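**Q** Sequence:
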Amino acid sequence: MDGLLSLKEAIIIYLDRSGGLSKHIEDCKQTEAVYRFSFDVNPSDVLELNATLGDCILHDPVKAISLFQSVCYRSIKTLSLIDHIQTENQVNVVLKPTHLPPFPNYCLDLSEFPRGYGPMRPLALEGLVIAMTRVTKYTQGARFLCSEEKCPCSRGFHHIRVHAPGATESATVRSDFTCFLCSSPLKEDVMSRVLGDKQLVELIHVRAVDVLGVHDADSLRYQSVTLFLRDELCNSMRIGHLYRVVGIPAHVHQWPNVTWSVEACSIRPWTPKCPCLVSNNFQYLQTASACSPWKFAAIVANSFGSPVIPPGIHNTLKLGLLLSLVQTEDNPDSPNHLDVLALTSDTLIIDRLMRYSLPLASRGIHHALTGELLASLSRDEHGAGTANIHAGSALLASGGVCLLGDLTCYKKDKMDMLQSALECRTVSVCIPGKKYGDDMDQHLSFPVQCNFWALADAASPSKRTARCDNVVLESYLYNHPLLSMTVHTLRQAMSPEEPLYPACMQFTTQDYKELLAHARELKVNMSPEAERMIHSYYLASRRVRSDSGQRATVSATFKVCLGNAGASALVFPPDAVFPCALRDLDSLHQRDLMLEESCKQILHFVQTYVTCTVEE
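As numbered in this note's numbering, residues 160 to 775 make up the sequence shown, in order.
Hints in this document: simulated from the structure, not taken from any laboratory. Be aware that a few hints might be false.
Taking lysine-lysine pairs in the PhoX-like style, the calculated list, with each CA pair at most 20 Å apart, reads [claimed, not checked]: (1) Lys309 / Lys236; (2) Lys236 / Lys188; (3) Lys182 / Lys167; (4) Lys296 / Lys593; (5) Lys432 / Lys188; (6) Lys454 / Lys759; (7) Lys236 / Lys167; (8) Lys682 / Lys432.
None of these values were measured; they are calculated from a predicted model.
Based on the provided sequences and hints, a complete structural model is requested.
**A** Next up, the structure:
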């Protein structure tokens with residue numbers, strides 16, 4: 160008895176220190192028959208206050224809830240917080256551990272099997288959201304009365320049933336309950352039923368996404384875990400995002416099946432930690448090329464992809480891919496996307512380069528033609544019958560890159576869907592009301608926060624790519640001799656152990672991965688001079704395009720569409736960024752001079768047309 164009193168005292172002290180007591184008083188304004196009280200609990204703080212209570216929260220949550228329920232009821236009666244409460248059964252307490260000790264016994268790895276044989280206590284897990292349902296209703300608590308009028312349980316609040324982790328709706332409300340006093344059938348007081356919100360989410364281990372970047376989705380099967388979100392946790396997760404969840408594993412009994420699921424207690428966004436250290440080789444290169452604003456990027460792009468293509472080929476495309484890999488921040492408040500479309504006469508080489516580059520992204524998804532690109536619907540398998548929204552490749556690649564492959568293989572309806580998603584950067588899903596048990600259709604939108612990579616055969620008669628390469632995708636046209644690629648392939652086949660390009664091999668794939676990870680962490684701000692130059696360039700371009708007598712002809716082979724503003728008003732050759740082959744220091748210096756001359760041309764163009772606009 161003294162032990163229980165000490166535990167209850169510790170609960171009161173903890174609630175007072177953590178602000179839970181004031182929240183409890185505020186929540187007493189409810190007018191339901193069953194009063195729900197939710198408390199966020201940090202087990203580490205509780206362990207410092209009372210080790211026995213902390214251990215109870217971590218290993219025996221049912222007993223901990225009973226203790227908190229007794230304390231809440233006693234405080235309500237002592238402080239007269241609720242006038243009409245009669246029994247302790249009317250108090251429904253939900254404990255939500257916010258953190259768990261950082262030990263293996265408190266972590267649940269979604270990639271380990273078998274599951275379901277461990278203790279049903281709070282565990283921490285991490286995963287990626289691949290599907291979720293709409294928010295539906297469930298029964299938080301219900302009041303039952305004895306059908307025998309002479310029984311004391313035919314009135315009052317003796318039979319109260321509340322939801323427990325892992326329980327289905329039939330475990331809370333059904334028609335075959337009996338009175339514990341006289342064993343007569345119970346009937347529900349429907350007017351006293353308390354409803355709450357419920358949402359189902361499917362999680363997979365984050366390593367399962369890495370597999371989708373290499374193999375076709377149709378050839379794989381990966382198992383997801385169903386997560387139950389209730390009440391204030393509903394709509395706290397988004398498809399395609401990573402989360403760290405504290406939850407209680409439970410067995411959901413739906414005869415004749417038993418499903419293993421997790422009842423969520425707390426949810427936090429999660430970003431995996433990756434090494435952001437730049438290799439010594441790249442540090443030496445940066446120091447040696449600090450005198451030029453262009454040399455470092457030129458050498459990095461020139462050497463990139465040397466395991467699959469020779470250095471010096473497709474440098475502009477490689478630079479675009481590297482910039483796209485850096486610009487993959489998953490931040491809806493500052494959406495900056497850099498999509499890449501390569502038009503080429505040899506799609507095989509470009510496809511190899513893009514496949515090689517995809518694993519370097521923070522998250523890379525290789526879309527299969529037979530798979531779903533945006534989103535799909537299915538019926539929920541857990542008895543609710545509501546719509547389950549499954550993420551397509553674009554949503555799974557949130558914060559990363561979605562490789563589309565050859566666009567000439569896509570059908571017209573797929574291309575129309577892709578163009579719509581690229582224009583508005585959202586995926587719209589229509590849920591038919593009649594099919595999924597609702598009175599009216601529901602329309603949901605999900606943001607598309609990934610970069611798209613695609614390629615197409617420039618000589619193909621198909622016009623499917625014509626509608627998207629001038630809308631949002633950075634487009635590049637390539638047609639290089641195949642001799643160097645042939646030599647590269649033969650040397651790889653004949654001497655697989657010998658480094659083909661010793662100067663480039665000092666920058667390994669891992670070095671590039673760490674460099675890109677470091678670059679993604681940098682917070683880069685545009686200088687006022689650069690902002691003025693871009694703004695003036697737009698003004699000058701608008702001036703030229705509006706003047707039919709001075710409209711410039713745009714190169715058909717290379718154009719950069721900034722912000723969907725249309726074609727450039729200046730004419731640049733296809734190799735403007737890499738105007739000469741990079742063989743030695745002299746060629747790097749020659750490239751610097753040519754780029755400086757291009758900058759002067761841009762400044763002269765801006766000064767000429769912006770000045771004319773101001774004078775007029």
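**Q** Decide if the proposed pair is consistent with the structure: Lys236 and Lys188, CA atoms, cutoff 20 Å inclusive.
**A** This hinted pair holds, its Cα atoms lying about 14 Å apart.
**Q** If you draw a straight line from the CA of Lys296 to the CA of Lys593, is it 20 Å or shorter?
**A** Judged against 20 Å, a Cα distance of about 18 Å means the pair holds.
**Q** Sort out whether Lys759 lies within 20 Å of Lys454, counting only the CA atoms.
**A** holds (18 Å)
**Q** When you check the alpha-carbon spacing of Lys236 and Lys167, does it fall within 20 Å?
**A** holds (15 Å)
**Q** Checking one constraint from the list: CA of Lys309 to CA of Lys236, max 20 Å. Satisfied?
**A** violated (28 Å)
**Q** Is the hinted pair Lys182 and Lys167 satisfied, with a Cα-Cα distance of at most 20 Å?
**A** Answer holds: Lys182 to Lys167 is near 18 Å, not above 20 Å.
**Q** Has the given pair, Lys432 with Lys188, been kept, meaning a C-alpha gap of at most 20 Å?
**A** Between Lys432 and Lys188 the Cα gap is close to 43 Å, so the pair fails against 20 Å, i.e. violated.
**Q** For the pair supplied as a hint, Lys682 and Lys432, confirm whether the alpha-carbon distance does not exceed 20 Å.
**A** This hinted pair holds, its Cα atoms lying about 17 Å apart.
In this structure, the hints that do not hold are numbers 1 and 5, in rising order.
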